[in-house]
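Residues per chain are reported as follows:
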Amino acid sequence: MSQTYIGRLVGKSVGELYFRSFYDTPLSIGGIAMAVDEQTGRKFLLRITDVSYGHESAEANWAEKAAGRMMEEDIHGRSYRIHDPDRRLYKLAKCSPLGYVYNNQFHRPRSIPTHFSQVTLPDPQTMEFLKEYSGDLIVGDLRCGESVMDIPLGIDGRSLAQHLGIFATTGMGKSNLMKVLASAIMESGRYGLLIFDPHGEYHDGGKGGENKGLVDHPAASTRLFSYSRRKLKGEHGNLSIPVNEIEIEDIEQIFSFTQAQREALWAVRIKYNKEWLRKLCHLDIETLTEELTAGSSTFQESTLGVLKRRAQRIEDFKSVNFDSTLSTKGDIVGKLQNGYTVLVDTANLSGAEETMMTSILTRAVLNSYRWKYQTEGDFDNLAPCLIMLEEAQRVLAASAGDSNVFHQVVREGRKFKVGMGVITQQPKLLSEELLSQLNSIFILGLADERDRSVIRFSAKQDISALGTEIQTLAAGEALLTSPTVPFALPLKIYLYEQYLNRYTGEDKPGGRDKIADDFF
Amino acid sequence: MPSATGEHNRLERKAADQIADRLNCLFGGGQDNLPAIPSDNSIGSPHLVDSLDDAPPRIINSNGSKVIVYAIDGGSTVLARGGNIEVIAWRAGMVKFRDCKRLSESCPSPRVLAYNRLAVKDQIEELLIDSPAQYIASQPPAKLVDELRWLAEWRLIDGVIHSAEAGSLVLIDGSLRCNPAFDMKFQRGILAWAAEHEIHIAAITKQSSLSLSQNLPIDLKSDGGEVVADRFPKWYRQLNRPLPASSGWLGNIFLAGLHPDADKPYRVDINRHDETNTEKIFSMIATVSDDIEFCGYPYPLAAAHRLARIDNLFRQELIGVIGQALDRKNFAPHIWEYLVGDIHEKLNADMVQEK
Ligand SMILES: Nc1ncnc2c1ncn2[C@@H]1O[C@H](COP(=O)(O)OP(=O)(O)OP(=O)(O)O)[C@@H](O)[C@H]1O
Ligand SMILES: [Mg+2]
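Sequences listed follow chains A and B, in order. Sequential numbering of the first sequence, starting at 6, is according to our numbering. Sequential numbering of the second sequence, starting at 462, is according to our numbering.
Note that these hints are calculated values from the structure, not bench results. Any given hint could turn out to be false.
Below 30 Å or equal to it, Euclidean Cα-Cα: the simulated DSSO-like pairs (lysine-lysine) are [said to hold, decoys possible]:
#1 A:K99 - B:K562
#2 A:K238 - A:K334
#3 A:K70 - B:K582
#4 A:K236 - A:K276
#5 B:K725 - A:K96
#6 B:K562 - A:K70
#7 A:K377 - A:K420
#8 B:K527 - B:K790
#9 B:K475 - A:K70
#10 B:K527 - A:K96
#11 B:K741 - B:K527
#12 A:K70 - B:K725
#13 A:K70 - A:K96
#14 A:K377 - A:K276
Computed footprint of chain B on chain A; a stretch qualifies when at least three of its residues, placed anywhere within it, have a C-beta under 8 Å from a C-beta of chain B [said to hold, decoys possible]:
#15 238-250
#16 473-482
Taking beta-carbon pairs under 10 Å as the criterion, some of the chain A residues facing chain B (in silico) [to be verified]:
#17 E64
#18 H81
#19 S84
#20 Y85
#21 D385
#22 R419
What you are looking at is a predicted structure, and each value in this text was computed from that prediction instead of being measured. Note that beta-carbon positions come from the ideal geometry of N, C-alpha and C, so glycine has one too.
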């Protein structure tokens, strides 16, 4: 009997299949099995969604009784065995049928294989059909339960502007996936990528030194541009925004304003134009009050006082300067449009400053693409761009409304080739509408049931049967859903540090195992 | 007709048709009542010790060696009975184990026979035409199905020992004694050949009727007569005194506690030709008697029993298949119902005749 033979089909319907397996076959949730219909030659792919125990005894509670006897024997230190385990014990795997492969083509399941069809592990040759769906940005290999097959998979770069989600509980591999995806994008050279890095982990791998950063990628020297207000390993630019490029929307990300304050702000903005923030900082309250009074409408000194203090805080931000020639904004946008990767390291900035910078740059990108879309003929030559946002719930949470620039990108970006990459540990905080805009979603391990259920609604594939799998995913194990893949693809994301070895020839990326009998 | 309980539990349509023809034929014959035919089943008593004191316990050291074990058991049943007509079914099956794993098994579909008890003598001659054992009893057997099952078992034993690896253990359900209705040469030949070729044969009785000095059955007490479990977690005692070479008892008779947690000791008969290996054979038997569900009983025999038995479910299936065949042959359905119904009541009375 071949090593890949793992059982026989026993039931039950098009939507839910079961197979009996040997008592010692290692089966795990998320594993893919294959039932071969001998009559038609169709190879049905089944995703294991649950595994349970079975035994052949007709006696009620046989297993409980046997366990009781074992415990008794254990206590007395006597030895015993289970004879004939192949015959008496088995495992029952519950599966959701993914579809069938026939002539290297994948088809949705509309029928069931014949009774008692033989179940085997999928062979690499059958799974080759997936290569058609692999996309050009490869981030991992096909995963079958806990093992990996040599079928590289990823996403299609053309879908980047249709937004992307990366959801995982902390430590499950979001940042690693980000680095691998960035590598793939740098290697392709066809897409712009803007990464905001609040934790300072992407450029050089961050603290500790055991992790590698994007700068360690061989393509970094030509395709990566990092900006920061701190000293980074290797070449990088100085993150700098002239004060006159800051808009009200940007500071609205970090302060909340009353209606009166907002009106005053707009009055300042209109009065002083691009100089509004400087004037707010440097004119005294009396002058401000006087200059802003128009007819009967006037502003209270206390209102202007609050605005002034806030403006001063902004002027104190490390990355804000007063020299309008020192802007990195245009630089960054230009690089993105030419298909480069830009890393904005905000690790030593305050939370408020970081949020504001993110907002300013995101808006700059969106506006530039939009403007080129509306006016110039060279829009077609612009590289599509993806803006990756760590801790995206901070600016995209449903509770904070949906008017900011990040929401705008999600709503309108696809038209202008600007996509939003939403990285978060808590997708449940995002609105359903926003989630439904995300074309590709990488689901890594998610412990919280509410997080899982919210994705269930927005995923482009039915992943309702996969709750247990998502819960049990280990770091780096993912499911990828998108409208272009035939089913939620189980992936093992390459570990970035190993991925880099492909350039030094030490190892193949992903540290993939050979298919062995512990395949599941 | 496919069966829910396995390939071997079915009866081919052709075989059912033959039975139907045969029944048609039989009912064309006489309807006289059959007097019970006594058969001399006695081979004398095995000459046992007077009490357990004369049978000191010996320790069994099971070394867990990965022996190959064959277990053989038979199954039989009476499907229908009425007047002198009886329909019976029987077979024997074998399982082969090594180190807890079932290596192979074989069990045919049962043979089914419809016969007239008045003509049983002709019947048995016809059935035994290719038999290696000669039927020597002066009277036809009272229970033909028992003899046929016995013969099937021993023919299977004969086949198994000739294909078994040297050093294997062959376990049989029951005891090692001559069947007085048949020429002893057959069984003796098997046992002698086996011992000579290092195939060890032992028989285990599920429930013994032997007793010492007219007391309770020997296997009734859980500790074999005294508390030996502490000193001897696994033990055996020889119950028979030396047997004359001509004895119909073909094995030495023992009582054995095969696992410290056994619920009772079992009577074990070991091929007399193989008595120098008694200790080793007990060690082998104990090695396969440590299944958690059957502590103290050899698991392979339990498996052989399950394989070969014709249980009530299968019996009903057989009755159904033959009933259909009779329909096809235009046999009056009420007669078959009568034959089967009659046996139902009898079965309920003396428990299912499943062996
Ligand atoms: N694809 C992978 N293969 C193997 N191990 C991985 C993989 N991805 C992540 N890990 C392991 O998990 C650890 C945490 O990964 P990572 O920092 O990417 O998680 P995270 O989701 O970004 O966590 P946080 O929420 O803290 O930002 C890594 O240091 C690594 O050991
Ligand atoms: Mg992270």
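Numbers of unmet hints, in rising order: As far as the earlier hints go, 3, 4, 5, 8, 9, 15, 16, 21, 22 are violated by this structure, in ascending order.
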